[in-house]
Amino acid sequence: MEYGVLPKLKEDWWQELTSQKRFMIFAGPCAVESREQLEKTAQVLKKYGINGLRGGAYKPRTRPESFQGLGEEGLKILAEIKQKYGLIVVTEVLDEESLEKALPVADILQVGSRNMQNFSLLKKLGRVNKPVLLKRGLAATIEEWLGAMAYIEEGGNHRIILCERGIRTFEKMTRNTLDISAVPLLKRLCPYPVVVDPSHAAGRVDLIPALAKAAVAAGADGLLIEVHPEPQKALSDGQQSLDLPSFIKLLEELNPWLLAAGKTF
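The opening residue of the sequence shown carries number 147 in this note's numbering; numbering runs sequentially from there.
Keep in mind the hints are simulated off the structure, nothing from the lab. Each hint should be verified, as a subset may be incorrect.
As the list claims (entries may be wrong) - Listed below are the simulated BS3-like cross-link pairs for lysine-lysine, each with C-alpha atoms no more than 27 Å apart in a straight line:
{"#": "1", "residue 1": "Lys230", "residue 2": "Lys269"}
{"#": "2", "residue 1": "Lys228", "residue 2": "Lys167"}
{"#": "3", "residue 1": "Lys269", "residue 2": "Lys333"}
{"#": "4", "residue 1": "Lys193", "residue 2": "Lys228"}
{"#": "5", "residue 1": "Lys222", "residue 2": "Lys167"}
{"#": "6", "residue 1": "Lys379", "residue 2": "Lys192"}
{"#": "7", "residue 1": "Lys379", "residue 2": "Lys409"}
{"#": "8", "residue 1": "Lys192", "residue 2": "Lys230"}
{"#": "9", "residue 1": "Lys167", "residue 2": "Lys193"}
{"#": "10", "residue 1": "Lys379", "residue 2": "Lys318"}
{"#": "11", "residue 1": "Lys192", "residue 2": "Lys318"}
{"#": "12", "residue 1": "Lys379", "residue 2": "Lys222"}
{"#": "13", "residue 1": "Lys230", "residue 2": "Lys186"}
{"#": "14", "residue 1": "Lys379", "residue 2": "Lys228"}
{"#": "15", "residue 1": "Lys192", "residue 2": "Lys167"}
{"#": "16", "residue 1": "Lys228", "residue 2": "Lys276"}
{"#": "17", "residue 1": "Lys409", "residue 2": "Lys333"}
{"#": "18", "residue 1": "Lys409", "residue 2": "Lys167"}
{"#": "19", "residue 1": "Lys276", "residue 2": "Lys333"}
{"#": "20", "residue 1": "Lys167", "residue 2": "Lys333"}
{"#": "21", "residue 1": "Lys318", "residue 2": "Lys359"}
{"#": "22", "residue 1": "Lys395", "residue 2": "Lys409"}
{"#": "23", "residue 1": "Lys192", "residue 2": "Lys247"}
{"#": "24", "residue 1": "Lys276", "residue 2": "Lys318"}
{"#": "25", "residue 1": "Lys269", "residue 2": "Lys186"}
{"#": "26", "residue 1": "Lys247", "residue 2": "Lys228"}
{"#": "27", "residue 1": "Lys409", "residue 2": "Lys192"}
{"#": "28", "residue 1": "Lys193", "residue 2": "Lys395"}
{"#": "29", "residue 1": "Lys193", "residue 2": "Lys379"}
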């Protein structure tokens, strides 16, 4: 599969999104489950001025019997909602096949934690004319994370967003341990936006607001948050997904923190 040479930046939305004064929020379900589910989420995002919709059509799961996503049907739903509401779509790719199918739909291609060192995939993404959101591996050092980033850069793609999502430690009361120090460190080491995923870091909804505020205070450029209209019925990661009222409340609580940081949604 040929991707061609990456041209110079032309998309106004990318430059606007990565402005130092803009705070990105990508919100939505872990996995696309139905059109109704995604549309309910998109309606709230649009109403509150959030332009980033996250949703997985392909889901790498720890166990094979877990929900793996709707695949091409999920991409079709994402495309319909994107067109209707004018949102920026972030979705995960796992390999060359899912990458090829996601390219017409995704505005930003996500590399999940399990694929951070999938060097074959990273090389292909280096030749893609789309921004890449690179999540930190679940046990990766920052040096290893930057090495993965370099694979994308080497192909000519310099539209990269780094996502801190917590790392595996000895702690068992949270799903992962959020390395908040990674945010200011990465801001010193590389020129790319750094966002935080408090959902995967905490693994529980009651900690998400505090971690989100900590991310703003540490200098993050945005958040990646799991939101679901009915988390108790979610097929994937319901225990760490905010319902829509809780997400709206979080947006309101973030406003003074963003004001203090000199940023806006």
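Each hint tested on the structure:
1. Lys230 x Lys269: Violated - the C-alpha atoms of lysine 269 and lysine 230 are around 33 Å apart, more than 27 Å.
2. Lys228 x Lys167: Measuring from Cα to Cα gives roughly 25 Å; hence the hint holds.
3. Lys269 x Lys333: Holds, at roughly 24 Å.
4. Lys193 x Lys228: holds, 15 Å
5. Lys222 x Lys167: Given pair lysine 222, lysine 167 is violated - Cα atoms ~33 Å apart, limit 27 Å.
6. Lys379 x Lys192: holds, 23 Å
7. Lys379 x Lys409: violated, 35 Å
8. Lys192 x Lys230: holds, 11 Å
9. Lys167 x Lys193: holds, 21 Å
10. Lys379 x Lys318: Measuring from Cα to Cα gives roughly 24 Å; hence the hint holds.
11. Lys192 x Lys318: violated, 36 Å
12. Lys379 x Lys222: holds, 22 Å
13. Lys230 x Lys186: Holds - the C-alpha atoms of lysine 186 and lysine 230 are around 12 Å apart, at most 27 Å.
14. Lys379 x Lys228: holds, 23 Å
15. Lys192 x Lys167: holds, 20 Å
16. Lys228 x Lys276: holds, 16 Å
17. Lys409 x Lys333: Roughly 16 Å between the alpha carbons, so the hint for lysine 409 and lysine 333 holds.
18. Lys409 x Lys167: holds, 5 Å
19. Lys276 x Lys333: holds, 22 Å
20. Lys167 x Lys333: Holds, at about 14 Å.
21. Lys318 x Lys359: holds, 22 Å
22. Lys395 x Lys409: At roughly 18 Å apart (the allowed maximum being 27 Å), lysine 409 and lysine 395 satisfy the hint.
23. Lys192 x Lys247: Distance of about 26 Å is within 27 Å: holds.
24. Lys276 x Lys318: This hinted pair is violated, its Cα atoms lying about 37 Å apart.
25. Lys269 x Lys186: Cα-Cα ~36 Å, so violated.
26. Lys247 x Lys228: Holds - the C-alpha atoms of lysine 228 and lysine 247 are around 16 Å apart, at most 27 Å.
27. Lys409 x Lys192: holds, 19 Å
28. Lys193 x Lys395: holds, 14 Å
29. Lys193 x Lys379: holds, 24 Å
Checked against the numbered hints given earlier, the structure breaks hints 1, 5, 7, 11, 24, 25 and satisfies all the rest.
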